[in-house]
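Chain residues, written in single-letter form:
Number of protein chains: 2
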Amino acid sequence: MICDVVLVPAELPENALAGRAVAVVDVLRASTSMVAALDAGARDVVPTDSVEEATKLAETLGREHIVLCGERDGQRINGFDLGNSPFEFTAAAVQGKTLVMATTNGTVTLGRVKPSTFACVACINNARAAAGALARAGTDVAIVCAGKLGRFSLEDMVGAGMIASYLSQDGAASTDGALVAQALYQKYKKNPLRALRAGEHGQYLVGLGFKRDLEYAARENITATVPVLREGRMVKLAPDPGAAPTA
Amino acid sequence: MICDVVLVPAELPENALAGRAVAVVDVLRASTSMVAALDAGARDVVPTDSVEEATKLAETLGREHIVLCGERDGQRINGFDLGNSPFEFTAAAVQGKTLVMATTNGTVTLGRVKPSTFACVACINNARAAAGALARAGTDVAIVCAGKLGRFSLEDMVGAGMIASYLSQDGAASTDGALVAQALYQKYKKNPLRALRAGEHGQYLVGLGFKRDLEYAARENITATVPVLREGRMVKLAPDPGAAPTA
Numbered sequence: 208m209i210c211d212v213v214l215v216p217a218e219l220p221e222n223a224l225a226g227r228a229v230a231v232v233d234v235l236r237a238s239t240s241m242v243a244a245l246d247a248g249a250r251d252v253v254p255t256d257s258v259e260e261a262t263k264l265a266e267t268l269g270r271e272h273i274v275l276c277g278e279r280d281g282q283r284i285n286g287f288d289l290g291n292s293p294f295e296f297t298a299a300a301v302q303g304k305t306l307v308m309a310t311t312n313g314t315v316t317l318g319r320v321k322p323s324t325f326a327c328v329a330c331i332n333n334a335r336a337a338a339g340a341l342a343r344a345g346t347d348v349a350i351v352c353a354g355k356l357g358r359f360s361l362e363d364m365v366g367a368g369m370i371a372s373y374l375s376q377d378g379a380a381s382t383d384g385a386l387v388a389q390a391l392y393q394k395y396k397k398n399p400l401r402a403l404r405a406g407e408h409g410q411y412l413v414g415l416g417f418k419r420d421l422e423y424a425a426r427e428n429i430t431a432t433v434p435v436l437r438e439g440r441m442v443k444l445a446p447d448p449g450a451a452p453t454a
Numbered sequence: 208m209i210c211d212v213v214l215v216p217a218e219l220p221e222n223a224l225a226g227r228a229v230a231v232v233d234v235l236r237a238s239t240s241m242v243a244a245l246d247a248g249a250r251d252v253v254p255t256d257s258v259e260e261a262t263k264l265a266e267t268l269g270r271e272h273i274v275l276c277g278e279r280d281g282q283r284i285n286g287f288d289l290g291n292s293p294f295e296f297t298a299a300a301v302q303g304k305t306l307v308m309a310t311t312n313g314t315v316t317l318g319r320v321k322p323s324t325f326a327c328v329a330c331i332n333n334a335r336a337a338a339g340a341l342a343r344a345g346t347d348v349a350i351v352c353a354g355k356l357g358r359f360s361l362e363d364m365v366g367a368g369m370i371a372s373y374l375s376q377d378g379a380a381s382t383d384g385a386l387v388a389q390a391l392y393q394k395y396k397k398n399p400l401r402a403l404r405a406g407e408h409g410q411y412l413v414g415l416g417f418k419r420d421l422e423y424a425a426r427e428n429i430t431a432t433v434p435v436l437r438e439g440r441m442v443k444l445a446p447d448p449g450a451a452p453t454a
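Residue numbers (the numbering used here), protein chains in the order written: chain A, 208 to 454; chain B, 208 to 454.
Worth flagging that the hints you see were computed from the coordinates, not collected in a lab.
Incorrect hints may appear among the rest.
[Said to hold, decoys possible] Which residues of chain B face chain A? A partial, calculated answer using Cβ under 8 Å:
no.	residue
1	Val215
2	Pro220
3	Gly357
4	Arg358
5	Asp383
6	Leu391
The C-beta atom is built at its ideal place from N, Cα and C for all residues, glycine as well.
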């Protein structure tokens with residue numbers, strides 16, 4: 208199995224994901240929040256490319272039945288129910304609900320990976336479980352760093368490198384992207400929070416008052432929940448019966 | 208001063224280079240060969256986007272006056288005088304000549320950086336001199352990894368990280384891209400050749416019989432020659448009068 212890490216979505220060649228199992232990594236914060244939402248009991252999460260698409264879909268599905276969530280410049284979008292902080296996705300807010308989510312990078316990147324055979328969302332919180340899900344797909348793997356507005360984000364590569372390290376330990380061959388991601392993860396392995404604090408987006412979020420979000424997003428393997436794409440919606444993957452407990 | 212490293216050319220936002228000093232890094236092998244060509248006495252090197260453009264330009268300028276060079280899939284192009292190995296750019300082959308060069312990645316990337324105020328070519332061979340030239344431009348800096356057919360290449364990031372390390376030591380602020388490039392350079396600092404051998408393109412070139420090219424390209428700071436773009440041609444930058452000797 209070949210494990211590839213795509214450093215920015217624009218690096219993704221057209222149709223390159225056909226036949227591959229894909230994970231989208233947006234550590235700060237779409238991946239982290241989507242995992243938190245499913246863990247808090249959300250039924251599913253529909254990723255959308257834009258605020259307009261999210262708003263329109265909410266109307267189509269019935270505004271009262273769904274939770275609109277997402278951010279622009281890190282802040283909750285006007286008229287939306289929730290922003291993009293994992294702490295907002297409480298059971299009280301999301302249990303049993305369909306979420307329609309519009310974020311600047313993570314949900315847009317998810318739109319690009321639809322030609323793949325298996326697409327999931329990964330972050331530091333669920334890295335080991337995501338690696339397991341990718342390995343079980345039985346195909347080559349691409350881990351796509353969502354980045355920020357087309358540019359590279361340090362924390363996404365640390366998350367991707369963590370997943371790539373698990374796959375490499377299981378015998379996967381690494382592309383150049385996977386090698387550098389693993390090297391970066393090694394550098395921050397003892398304390399991933401340092402990477403989140405060092406990166407530009409982390410510093411921006413701290414400035415907005417989201418320091419706690421970084422601390423939460425840096426916690427390794429706190430959940431076995433892997434959101435997977437099924438007919439345009441992210442749902443919780445059934446847990447692997449053979450997996451060891453994570454927490 | 209902000210030092211940015213662009214990990215793949217596609218990461219480059221439109222017009223993002225206006226007002227910035229730019230270095231294009233294609234360690235294996237366009238940057239390395241271009242530096243070797245100017246060191247061997249070539250008058251100038253015209254980078255082109257395609258074999259067709261190079262051939263046409265050679266006819267316009269007079270085929271007998273120019274040296275056509277470049278590669279496809281690592282091999283010399285049919286009908287061209289030279290390929291893309293630094294060992295081909297001997298004084299006998301290039302002294303006093305105008306070279307028209309078509310490579311798959313390096314010369315194509317040079318076509319994208321033209322809106323910048325200052326554009327040069329850098330590699331491991333001239334990293335310190337290139338860092339000095341970038342710093343003297345007095346603007347923000349972008350180091351662009353050429354990669355391979357749109358994908359990321361390990362060895363380019365090591366070269367970019369080496370240059371970014373020099374600039375960072377001189378007080379430049381690092382973007383996320385510059386941070387990861389420096390981390391990667393640190394990993395391979397003791398022996399950059401290891402990075403060239405670990406990368407996919409290096410392995411491909413070794414398979415073609417270009418093992419010596421990797422060894423040559425991995426030599427740090429063996430020259431102070433910095434090719435700079437002037438009216439579409441790469442020429443040797445006048446050496447910095449204040450610079451210490453490098454070799």
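Legend entry - Unmet hints by their number, sorted upward, for this structure: Nothing - there is no hint that the structure violates, so all of them hold.
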